[in-house]
Amino acid sequence: MTLRKVVCVSFVVAAHFSLLTPKLSADNPTKFESRVTPFLAKYCFDCHDDETQKGDVAFHELNGVNADNARLWKSIWEQVALKEMPPKKKKTQPNLEERQQLAELIVTEMQRVLKEKGGFYEHLHPSKGNLLDHDLLFGELPKNLEPTSSPARIWRLHPQEHFTRLNELISVEPPYDPNKPGARARGDHVPTDRKTGTNIYLGIHDVLDWVGTSFSLHHSLKNITPILSTKVKRGLQHYPYLYSVNSSETLRIANDAETIIRFMAYGPDAKAFQFADHVSDIDEKHRGIAIYKGRTILTKHGVPQGVFFYKKSKRPITPVHDLMAEPGVNDERLKAAVDFLFEALTLRPPTAEETATYLRIVKQSIEDLGKEQGAILGLTPIFLDRAALFRTELCETGTPDKYDRVMLEGQELSLAINAAFSYLAPDTKLKQALKTGRLKTREDVKREVTRILNDDSIRKPAILRFFREYFDYDLASKVDKDDILLKKAGGLSKSKSHRQLMAEMTTNTDRLVELILKEDKNVLSELLTTDRAILPENLSDHGYFGEMSKNGKIVGKPVVPDSSKKKALLPVQAKDLPGIIVDNSDAKVMGKWTKSSRSKDRVGSDYLITEVGVNEKAKALPPLKATALPGIVVDNQDAKTTGYWGKASGVKNHVGSEYLLSRTPGSKAVYPVKFPEEGKYEVRITIAQHANRSSKTLVTVRHKGGEEAFRINQRISAGSFNKGGSDGYFQSLGFFEFPSGPWDAVEFSTKGGDGLAVADAVQFLAPGISGVIGQETEPAAPSEKSTLVYPVTFPKAGRYEVRFSYGKHPGAYIATLVTVRHKNGETIFRLNQSGGKGSFLKRSSDKYFQSLGYFDFPAGQWDAVEVSAKKGNISANEYSGSIGKYAVADSVQFLIAGTPQVRKKETKLVKSPGGEIVHVRLTEYFKLSKRSSADAPLRSSSERHLVRLPADQRMGILTHPNWLVAHSDAMDNHAILRGKWIRERLLGGAIPDVPITVDAMLPDEPKETLRHRMRVTREESCWKCHRKMDPLGLPFEMFNHAGLFRTTELGKPVNTTGEISNSGEATLDGSVNNALEMIEKLSRSERVKQVFVRHAFRYWMGRNETINDAPVLQDAYKAYEASGGSMKALLLSLLTSDSFLYRTR
Amino acid sequence: MAVAAVTAPLLPSLAQAASVKGKPKRVIFFLQNNGFHTDTCIPLGMKSSASLSGAKLPESIKPLEPYLDKISIINGLHGLHTSPTHSAYYGALGGYPGGELRLPSAETIDYTLSKLLPQTMLPHLRIGMGDLSSMESQPTVAALSASEAGKPLYMNCNPNHLFQTLFGSIADGDVKKRYEAKSRILKEVELVAAKGKSGLLESDLALYGSYVNGFSDINDLRSKLSDYSGPLKKYQPEYSEKYLSPQYETDWHDALLDIGIAALKSGLTNTLTIASGRGDVWGSWEGLGIETTGHFLGHMEQEGNPIWHKIRQYNCRMLVKLMESLESVPEGKGTMMDNTLIVYTSNNADKQHTNGSTWPFILLGNCSGRFKTGRFVQFDGSRPINALYSTILDAVGAPCDRYNMDKTNAIKYDSHFGPLRELLV
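Protein chains in written order, with this note's numbering: chain A, 1 to 1145; chain B, 1 to 425.
For reference, chain A alone in the conformation it holds in the complex (with noise of 0.2 Å):
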């Protein structure tokens, strides 16, 4: 046997080498067995023939290849491959290249009886690349070893890829800026965005303002999201044969495509009154804002037309939109048109055979369906054309050499070298290159390598893409966590913030890689052993990077930073705020109301605050007699109580001469009447409402029916809680039907209560009688009503935006009333004290003011703002916390239109920062909806820390949270998936598929350790495969599921021992005592680099190594090693090699 045909080990990507092994083609299945029998009878039939059948398998009667059996020739393949078979006491073993052999005739004859019945292509999936052995790979190389090259082949563009240029149609993104070099970017992959997902919006520059919150502002715009079709969740994606697109994705792409031309015309679809110059053009009403019962809603609340829009668009203009400015349908702008479109999807300009067919297509439509709709239709095509959608290494017109390999050429080779790196299309440079025929060779590609890789204006995300896919830690949001476990270890309490901070940690693992990359040293063991990690200020995923304590509490100096420390606010002072400035000072202050200066969050040396409501209806509204009352009136005295009732007759509107008080545990009390007759009647009761009263007593009506129960907040004004209508007396449960005669209909409890139960009068009104007593709905004007007004000289007529400032003080009323009196009348807000500003009407908040809004005022003396310490009204839904007490008035701002809010510095940093300022990919909209104001510019919330971690707690990326959450499930570490990690991305080691009869459940013990309850995986059958992972998983236990640091687990001294065995390189194998231990080992290790160079050449090359790829790989390292641990200097040999270059068709 030559030695070609032994190392043509084809069984990766035999399909696409039959070229090279014609003689093990195996077209004749008598030639396969004749090859296999003796392998199986030599080295097999000791312990699986038809006496032994040991593990229930026999091959005696193993025939052929065929659909019933191939799932035991897969074993097979997979164990003598991983030299898992024979066992390693079996004194005869097979050598290596017997068993490439073998497994290369099992490949090449499955792929040939399986081709009609689905096909075979397991051997091309990323994770079975390590079934070539890696000694054979990194050995001397065998001689007369045939020159590589890769399949000629078409490849679908990554869905980020897709993604990116749809995006450059639409959006103008900034340039690449050197002093933020980690800041989002022209050219730069789509980032997350709401943290847990990736979108393209329609417009997003354009946004001037919008109605609600940034939750309606995403749901209000127009978006693409990609369409993703991978088929591997895992490591490495971005191989060729993993993508196709379907119909249904073909329909999507054809509906987006006709959304993208429309927008590219004509800009954001809205309406009319959606387009202005500034925030203060808009007017109210179209705001969405109205005013209902003195509360202001929002009635356009994540509805498209809550969103405003510049009147000058920042979209790129482009040939589109000329065609469709201009009327009727000219020739070259059409052609101009179709080009525009071609280039920007396919990155290279179309032949002009390409141009005439679209052309046509778009001329037919629109003779079709008119201009309008026949371009948008008739353009949609070019969307959808292969190149828009493929990328092509087809290299069908170069000249082949002695081994049958054509060197990629042209258009095809300049488009590989940039999607190497870019998803946009390729640089000037590289376009001049191709031009001027200076590139050709394999020097001109090294040039032009060169250049790109250390031009840093070249974004390069596909770069950053390979260590995503190879270290998985972008995974962790998609990881679901149980909420009380993920709480219990120190996460976040809601599994959703949990999920976008992970997001947001991808994001900052992303900056730490590209920093590494940029030092370029020893880039696999920086990345492996760092101490560094980048942190927002944001102290709550500082947490995840902390230590967990014996008593399940974080504790320690997780990192560093003093950067965690928040930025404190100071009060401003009114002279330096721009526009006019009426402070508390200057208002006319009505009723009585307190000076505080608890709050800094405010202008000047102080705020007022008063009590809500405390002069109200009390005073004003005089107890009622029961005998004046309609319908049937039963008081408290003719109640039948249990337990302790106190009686009280402070608050006045009661019924009678006093109510009923409890707050002693069991305490009842029932209220029998006596109906006429069977029938409906509404049941209304009184409550007598203060302060100190529980906020859900126990109020159960018992029918005819049943009963039902409710709980009443006795703090506030009745008839708040249900429909019904408040007389400031009464509040209706509603209608209920009775039987005639003696009936204990109405129960209050204390049963569940917060404070003092009340319980007075209930009143019982057949259908049609009303309820009103004598002056009803609102209570008369308290005689002492604090108000607090604000007095204004306006300069000029004209319109001013009002911002109204007040400190965020304890027990701050959560519906304050405040009355802007314009020129046009009054506009009532009712404001949530208690929440941060600007939660409510969502714009131009800064920590100190709220904006109410632009109003017109004329010019002089006017009484322009009132805040009043009457209640507003609170619905139901408002009921759940705590609704305050205080109103809360500081100063008040005008600005007359256009004025920016800036001033000056109002905070300063309690301590500077930890750890040197970098900045992080974000996407506009993330930025848009953090933004402080719809006036101001983007605030730079890319900024984050970078700073060093502990050193005896972590250690590289495998240390920090992220990694940990992607390797673990919902309840606990995943230390299998840890441990197959580790040995197959670093050891280059695999691990079989699991055998279908494995039943794969740890017993479900919750107060037995993670390490006990594997102990099932060490049964013979399990451990076989458990011993590859399951010891360098473990020692990863130093870490509990959230990723939080931890000595112990359960009470005890945790146990992080494990093992590092089989290796390949003797002296990595032995025991270790933790993770760190374990990776500062991998890291320094020779096997370790260069199954990092297999996984690069993978990724690059779009498919698994071969056996001729050996070469390739052994230079790649040695160029790697020689430059001490360069990225670049490993892509400029991967790049460049024959692997890259040479096609075969």
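No wet-lab data here; the hints were simulated from the structure.
Here the structure is a predicted model, which is why all the values come from computation and not from measurement.
Treat the hints with care, since some could be wrong.
Okay, derived cross-link-like pairs now, DMTMM-like style, lysine to aspartate or glutamate, Cα gap no bigger than 25 Å in a straight line [stated by the list, open to error]:
id, chain 1, residue 1, chain 2, residue 2
1, A, Lys335, B, Asp172
2, A, Lys696, B, Asp39
3, B, Lys195, A, Glu409
4, B, Lys177, A, Glu258
5, A, Lys402, B, Glu202
6, B, Lys56, A, Glu737
7, A, Lys487, B, Glu188
8, A, Lys796, A, Asp283
9, B, Lys176, A, Glu367
10, B, Lys195, A, Glu258
11, A, Lys233, A, Asp482
12, A, Lys271, B, Asp251
13, A, Lys371, B, Asp172
14, B, Lys187, A, Asp339
15, A, Lys1007, A, Asp339
16, B, Lys224, A, Glu249
17, B, Lys176, A, Glu409
18, A, Lys363, B, Glu188
19, A, Lys314, A, Asp427
20, A, Lys478, A, Glu547
21, B, Lys407, A, Asp993
22, A, Lys117, B, Glu202
23, B, Lys56, A, Glu708
24, B, Lys47, A, Glu678
25, A, Lys371, B, Glu136
26, B, Lys321, B, Glu241
27, A, Lys600, A, Glu866
28, B, Lys197, A, Asp339
29, A, Lys233, B, Asp406
30, B, Lys412, A, Asp427
31, A, Lys704, B, Glu59
32, B, Lys265, B, Asp172
33, A, Lys1118, A, Glu1080
34, B, Lys115, A, Glu116
35, B, Lys187, A, Glu367
36, B, Lys195, A, Glu396
37, B, Lys234, B, Glu324
38, B, Lys407, A, Asp969
39, B, Lys407, A, Glu611
40, B, Lys224, A, Asp368
Please arrange chain B on chain A, whose structure you already have, making use of the hints.
Just chain B now, kept in the frame of chain A:
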């Protein structure tokens, strides 16, 4: 490897379904967003399972009162594992964790059924009802249905587009013009795509073929539809003013429902998914006199709230229309409705902000005698919505122990195996 959770859904095979006697023929899902409050569905005064005979329904679903013998009301199933706050999205019909922008993790029950029921030309039709401008600007969105992990299925929200797709071949005027223009374009694209086969190696032809075949699939459906003009003509809805110049979004909601009914009656489809609010928390119903829109609607109490009475009653009228339309068409010895099941619920359990501890449903029709009707059934909260989906699968002759729930989750979320026996005859 012992621990990797086995997540393969326990799906029935087509073969099992084929062996079924009896003939359930179609299933309709109707999901209203923002939750289905328990107060708006439980018959007045009922606390435990009982007959619906003589029951009084809450104001919200009053229009269903004349049909008490044909429906069953279910309370007490849970969706704790679906993350239903705001919406469980694909999790509502999939019975797995959902969430904003999360891709489906497996197929959903409507899609599963569409494969099992007697085959039709367009096995699964999905329609989504939102506010007018959303339906215009995003004529297709995906939120509820999926054909497999990572593969959302789009719902049609623009009745003009949908009408053109389904009835364009038999229409006239502008509809026909656009239909024909688009057909021509798609055929052109198919030709261009087919040209792209040139130069490809055999190994890539399979990969590229699925792309080219995508277009022939679409074009095939179009030509099949033109061959099916008889039934299409017989049942096509009237293409009226409300399609082209709708005054309110409800005009389009009505139009979409008409198309859905026509697709069922003409035998074009066997599974219809209707999403009022498009599986999200948004939507508007100005046509019913409701000014408040979007997300705010979800922040309100439902029962006793005139706004929600209007929306819910509007749903009920649609349900009644569906039932009556299917009753009007004979099938076998009875009518189409005899072989139909309608499932009414919400895509976020009982309310907008909820943990999903209870998830109310109304089932309409007995699905060829498989389901009991005329009953209120109160479950104890120990069985997930997945169990209801298993029950429907059981009824169509494809029983399974669990739908889209692996063992690990079942230990935590399901107290029993198999279907909800209480619901089946």
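Hint check:
1. A/Lys335 with B/Asp172: 32 Å, violated
2. A/Lys696 with B/Asp39: Judged against 25 Å, a Cα distance of about 19 Å means the pair holds.
3. B/Lys195 with A/Glu409: Within the cut-off at roughly 22 Å; holds.
4. B/Lys177 with A/Glu258: Distance of about 18 Å is within 25 Å: holds.
5. A/Lys402 with B/Glu202: 23 Å, holds
6. B/Lys56 with A/Glu737: Distance of about 12 Å is within 25 Å: holds.
7. A/Lys487 with B/Glu188: 57 Å, violated
8. A/Lys796 with A/Asp283: 21 Å, holds
9. B/Lys176 with A/Glu367: Holds, at about 14 Å.
10. B/Lys195 with A/Glu258: At roughly 23 Å apart (the allowed maximum being 25 Å), A/Glu258 and B/Lys195 satisfy the hint.
11. A/Lys233 with A/Asp482: With a Cα-Cα distance of about 21 Å, the restraint between A/Lys233 and A/Asp482 holds, given a limit of 25 Å.
12. A/Lys271 with B/Asp251: 20 Å, holds
13. A/Lys371 with B/Asp172: 20 Å, holds
14. B/Lys187 with A/Asp339: 21 Å, holds
15. A/Lys1007 with A/Asp339: 67 Å, violated
16. B/Lys224 with A/Glu249: It holds: about 21 Å lies between the C-alpha atoms, which stays within 25 Å.
17. B/Lys176 with A/Glu409: 47 Å, violated
18. A/Lys363 with B/Glu188: 13 Å, holds
19. A/Lys314 with A/Asp427: Given that 25 Å is the threshold and the Cα spacing comes to 24 Å, the pair holds.
20. A/Lys478 with A/Glu547: 24 Å, holds
21. B/Lys407 with A/Asp993: With Cα atoms ~20 Å apart, B/Lys407 and A/Asp993 stay inside 25 Å; holds.
22. A/Lys117 with B/Glu202: 16 Å, holds
23. B/Lys56 with A/Glu708: Distance ~16 Å between B/Lys56 and A/Glu708 Cα, so the pair holds.
24. B/Lys47 with A/Glu678: Judged against 25 Å, a Cα distance of about 23 Å means the pair holds.
25. A/Lys371 with B/Glu136: 20 Å, holds
26. B/Lys321 with B/Glu241: 20 Å, holds
27. A/Lys600 with A/Glu866: 22 Å, holds
28. B/Lys197 with A/Asp339: Cα-Cα ~22 Å, so holds.
29. A/Lys233 with B/Asp406: Holds, because 19 Å separates the two Cα atoms, which is no more than 25 Å.
30. B/Lys412 with A/Asp427: Violated: B/Lys412 and A/Asp427 sit about 55 Å apart, past 25 Å.
31. A/Lys704 with B/Glu59: 18 Å, holds
32. B/Lys265 with B/Asp172: 21 Å, holds
33. A/Lys1118 with A/Glu1080: Status holds; Cα separation ~22 Å.
34. B/Lys115 with A/Glu116: Measuring from Cα to Cα gives roughly 24 Å; hence the hint holds.
35. B/Lys187 with A/Glu367: Holds, at about 17 Å.
36. B/Lys195 with A/Glu396: Roughly 15 Å between the alpha carbons, so the hint for B/Lys195 and A/Glu396 holds.
37. B/Lys234 with B/Glu324: Holds: B/Lys234 and B/Glu324 sit about 17 Å apart, inside 25 Å.
38. B/Lys407 with A/Asp969: This hinted pair holds, its Cα atoms lying about 14 Å apart.
39. B/Lys407 with A/Glu611: Given that 25 Å is the threshold and the Cα spacing comes to 56 Å, the pair is violated.
40. B/Lys224 with A/Asp368: 23 Å, holds
Violation of the numbered hints given earlier is confined to hints 1, 7, 15, 17, 30 and 39; the remaining hints are satisfied by the structure.
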